[in-house]
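Colleague: Residue numbers (the working numbering), protein chains in the order written: chain H, 1 to 460; chain V, 1 to 585.
Hints listed in this document are in silico derivations from the structure and should not be mistaken for laboratory results.
In this text, all values refer to a predicted model and were calculated from it rather than measured experimentally.
The C-beta atom is built at its ideal place from N, Cα and C for all residues, glycine as well.
Hints may contain errors.
Unchecked claim - Cut-off 30 Å, straight-line C-alpha distance, at most; resulting in silico cross-link-like pairs (DSSO-like, lysine-lysine): (1) Lys-355/H / Lys-467/V; (2) Lys-82/H / Lys-241/H; (3) Lys-97/V / Lys-126/V; (4) Lys-407/V / Lys-467/V; (5) Lys-294/H / Lys-117/V; (6) Lys-117/V / Lys-355/H; (7) Lys-467/V / Lys-297/H; (8) Lys-294/H / Lys-538/V.
What the hints assert, rightly or not - Pair by pair, the computed Cβ-Cβ distance ranges are: (9) Glu-240/H / Pro-157/V: 33 to 41 Å; (10) Ser-404/V / Asp-383/H: 23 to 31 Å; (11) Ser-404/V / Glu-393/H: 41 to 49 Å; (12) His-109/V / Glu-430/H: 44 to 52 Å; (13) Glu-350/V / Ala-16/H: 53 to 61 Å; (14) Glu-393/H / Glu-545/V: 39 to 47 Å; (15) Thr-314/H / Pro-157/V: 30 to 38 Å.
Here's the letter readout for the chains.
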Amino acid sequence: MNMYNLRQYTVLDEIAGQLFVIRNIHNVGYNEIVEITEENGKIRTGITLEVGEGYAIVQVLGGTTGLALKNCRVRFKGEPLKFGVSQQMLGRIFDGLGNPLDGLPEPIAEEKMNVNGIAINPSARDYPENIIETGISTIDVMNTLIRGQKLPFFSGSGLPHDMIAAQIVRQARVEGEGFCIVFAGMGVKYDTARFFIRSFEETGVLDNVIMFLSLADSPSLTRLMTPRFALTAAEFLAFEKDMHVLVLLTDMSNYCEALRELSTMRGEIPARKGYPGYLYSDLASIYERAGRIKNKKGSITQIPILTMPNDDITHPIPDLTGYITEGQIVLDRELHSRGIYPPISVLPSLSRLMKDNIGSGKTREDHPSLASQLFASYARTRDIKAIASIIGEEEISSLDRLYLKFGEIFETKFVNQSYNERRTLNQSLELGWDIISNLPEEELIRISQQQIKQRYRHKK
Amino acid sequence: MAEKIGTIIRVNGPVVQIRCNEDIRILDMVEVGQFHLVGEVVRLKGDVAYVQVYEDTTSLKAQDPVYSDKIPLSLELGPGLIGNIFDGIQRPLEKIKAQEGDFISRGIHISALDKEKKWHFKPLRKIGEKIGPGDIIGEVQETTLVKHKILVPPYIPAGILFSVKEEGDYDIEQTMAEIESNGNIHSVRMYHRWPVRKNRPYNQKIDVNTPLITGQRVIDTLFPVAKGGCVAVPGGFGTGKTVVQHQLAKWSDADIVVFVGCGERGNEMTDVLANFTKLVDPRTGKLLLERTVFIANTSNMPVAAREASIYTGITIAEYFRDMGYQVALMADSTSRWAEALRELSGRMEEIPLEEGFPGYLPSRLAEFYERAGRVINLNGSTGSITVIASVSPQGGDFSEPVTSHTKRFIRCFWALDRDLAYSRHYPAISWIDSYSEYVDDIKLWWDAHTDGNWIGYRNEILDLLQKEQRLQQIVKLIGPDVLPNTQKIILETCLLFKNAFLQQSAFDEIDTFCSARKQFLMFKAIITFHRKAEELIKQGIDIDELRESDVYRGIVRMKSYSEETLSELEKFVDSMEQQMEKLLK
Ligand SMILES: Nc1ncnc2c1ncn2[C@@H]1O[C@H](COP(=O)(O)OP(=O)(O)O)[C@@H](O)[C@H]1O
Ligand SMILES: [Mg+2]
């Protein structure tokens, strides 16, 4: 241990929000841990945010509430924040900083890892492959989820994103052993946390889940650390223990709020809507921790959930997320209010990794062109609907009427399915053919003649 | 080893302030702290230097030493670039992986080029000849595709070739030639260093005159870019910027491709790398990797190195241009570079302008695009750099600062459209909002390579697309039925053009690349269809008959002709008018 590690200070110079300044100190490293012990023995953890000659600015993870300028001891540990991880964490519940919340003792660490993670060398990455069959038609056929992908839900308040996430966990057919879930709840309500615990219980996967919960009343810095602790555990399981880890991060909007709050507190110049200019890089440091590594068996798949403020997809939170993640699943309030579950709006949704992982030899040879045709035809439906709503349905051509009918069936039969309904990919593809066959075959220009001959449902 | 020049007085993210006790200049490279993290001096204020550090600054402390050789951050330019992947400051990622493992650790000092590898050198100049900066003294077959010309570094003054090595195998540290000028002997190796932010000199800029053929129909036929030109590809997330960049890196007829992944996804680099080691260049039959250099500074890698990656890319591009090559540089995405500038500027507490971007954003963009172009090199050869830059506008809004400033420095604009992407019309390049100012520069090329109607067809189709736009407005108000057939056919042709021509899947084995000849035939087919259809309609033929005709179906299937069967496509196109005539009976 270095000399300075032992050095203790008893006076803080300034406290503002979740930050404090301490002066007359030396040998303190940037982005390292600080331990603050209060008079009553309570210990808080902080991180140095800036260091200079004879001073350091520290942000306190548990918040500064109740902290006094005098009479607390500060210790600089001389290393970045680390998390002791182990396989025993499976089945356990922790707070946002990795402390047990379930009353059980702290698991014995197998390894201490830097919670900030280190960038994977781009040439060490292995391209994600193998689809994860979720049993949901709009995802499996049109926005296929791939193991090692980061695919967020763009949702809105009050929309059933939690249910869909739970349904995916329940239905995801993941072949082979070593499947587990890491759940990070940032600023979530207690009810939400309960909902997930119950659903994991019902699915019988609870023993394979690690939960990190920073509830709605937790300080903003804790919220910022929560996904980092969760992903550190995930990296350990995936890359040291060969497991396939599915990471659920909810709600990333709360995370971004916390980041904005801290940035404002520090008086930084904002970029857009008050969010700091480094929001993109910061989010990337979380999302890019998904993936696969060459010659390693495990993988990290991320499903971040975020609620779009005012359902606005151009808001910086969904916008910057979409620029980093490998697609997005967009939920739609209009579908939801019409009782369609899951209310997935397929047109703005996208899976970027789908292209390389579907088709002959991977899923089914007709999969890519059927998906593409469903997108194109459904998009056309939307246009026709817009026209029909102005000029009246009687005024549109008979072909256009067929499109409207197709659109209706697509939404009520294909998009719509029940919370407990698990459709195999084959079932979903067949359903897709049933539905697309409501259009005349000449309209299906994205599908080859041969496939039409083979699969188009001709009217008797 | 670099000497100590000062100590750290403040650490704030990637920006570190040091108090210097030695003279130091802007852009000098420094090594910071005990790990010798690489950094660059970006601002001087009295005896305080602001350094942007290209690696994670965790654990740096006040009073830590800072070292420097007092030379600017420089690249190594020589054989070994092609097929390699580097980070933003040209550290070789494959070697780092071999040495350090799967995650990028800090303080790695590995030279960019392999110093041990032997290259087969062939001299091209003789002792006693006059020789000057930029001249080619010999060459090395770097890959089966690329002859790497060994250049006299631009900073060596003109003189006489005093010695040159015979043909044989050498490593890049060996002296290959000596030049005597004004009584001094300068030695030339197979590589030299060049400051990453300094333009490489050339003789003069000249006009562009040849299209970069990309194999993408909407680009080559509607919005072409010239070799030596600059294009911006703006679009919201998921609209297809990266796929456009990848397609161009794969299929465009450049000699050398420099692909810069700037602040984007790690998996996308994995994707290109994997593809390029498999895919074959249609013109040469060689692996695409054999002409490509990759720079990868992904979004989770240090932000300062992201800022540098763009300069690293363009400097490498200039180096190959100096050899007389046509180079294409893809930068995906320049917005991430601009954002890195913003972040660093913020850390230096500079006063921001719009949306937090520093006031010097436009001049940085201008300097970068100015490095593209077609030039006569110092050695008399002609080379070019085409820049294809994606722009990621926040919220998909093209009026934001990076997009709007970029527009001032480029002459070609491929606007990606969210609605097209939503309906999976790819490439989602809008035919309404895109433009190319290179059309006049390159039309002679098309004339020489086709039957001379390209510009006419292009004008005709753009005109139809404009008309269609207006007709659609009417349809939205009163329905399609009121339109006369002479107008309905415009809608029909445009629909056909979009589906059968503009839409081109990057993932279709055949359609991913479309040669200029095939493009022209397809173009001609659409125009022929339209002209003939107008004629037939006047004679009473109905739109539905046209739509259900064999010719129509034939047009929809044109994409599926492989390059080997183009004579069949030609036959089809030649027979169209006749076939359509038959509808009259
Ligand atoms: N030319 C194309 N052909 C087929 N699919 C495409 C094409 N361009 C884009 N796509 C689809 O769109 C997705 C997003 O494209 P991408 O280039 O990654 O978008 P961006 O870089 O603008 O975010 C791709 O994963 C692919 O599925
Ligand atoms: Mg992209």
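Colleague: Is the hinted pair Lys-117/V and Lys-355/H satisfied, with a Cα-Cα distance of at most 30 Å?
Modeller: Violated - the C-alpha atoms of Lys-355/H and Lys-117/V are around 39 Å apart, more than 30 Å.
Colleague: At the C-beta level, are Ser-404/V and Glu-393/H separated by a distance inside 41 to 49 Å?
Modeller: 42 Å, holds
Colleague: Would you check the hint for Lys-355/H and Lys-467/V, treating anything up to 30 Å between C-alpha atoms as holding?
Modeller: 35 Å, violated
Colleague: For the pair Thr-314/H and Pro-157/V, does the Cβ-Cβ distance stay inside 30 to 38 Å?
Modeller: Because 56 Å falls outside the window, the suggested range is violated.
Colleague: Can the restraint linking Lys-82/H and Lys-241/H be considered satisfied, given a maximum Cα separation of 30 Å?
Modeller: Given that 30 Å is the threshold and the Cα spacing comes to 19 Å, the pair holds.
Colleague: Holds or violated: 53 to 61 Å for the Cβ distance of Glu-350/V and Ala-16/H?
Modeller: 23 Å, violated
Colleague: Given the proposed pairing of Lys-467/V with Lys-297/H, does the C-alpha separation stay at or below 30 Å?
Modeller: 56 Å, violated
Colleague: Taking the beta carbons of His-109/V and Glu-430/H, is their distance inside 44 to 52 Å?
Modeller: 59 Å, violated
Colleague: Sort out whether Lys-467/V lies within 30 Å of Lys-407/V, counting only the CA atoms.
Modeller: With Cα atoms ~26 Å apart, Lys-407/V and Lys-467/V stay inside 30 Å; holds.
Colleague: Ser-404/V and Asp-383/H, beta-carbon distance inside 23 to 31 Å?
Modeller: 30 Å, holds
Colleague: Between Lys-294/H and Lys-117/V, does the CA-CA distance stay at or below 30 Å?
Modeller: 26 Å, holds
Colleague: For Lys-97/V and Lys-126/V, compute the direct alpha-carbon distance and say whether it is at most 30 Å.
Modeller: 42 Å, violated
Checked against the numbered hints above, the structure breaks hints 1, 3, 6, 7, 8, 9, 12, 13, 14, 15 and satisfies the rest.
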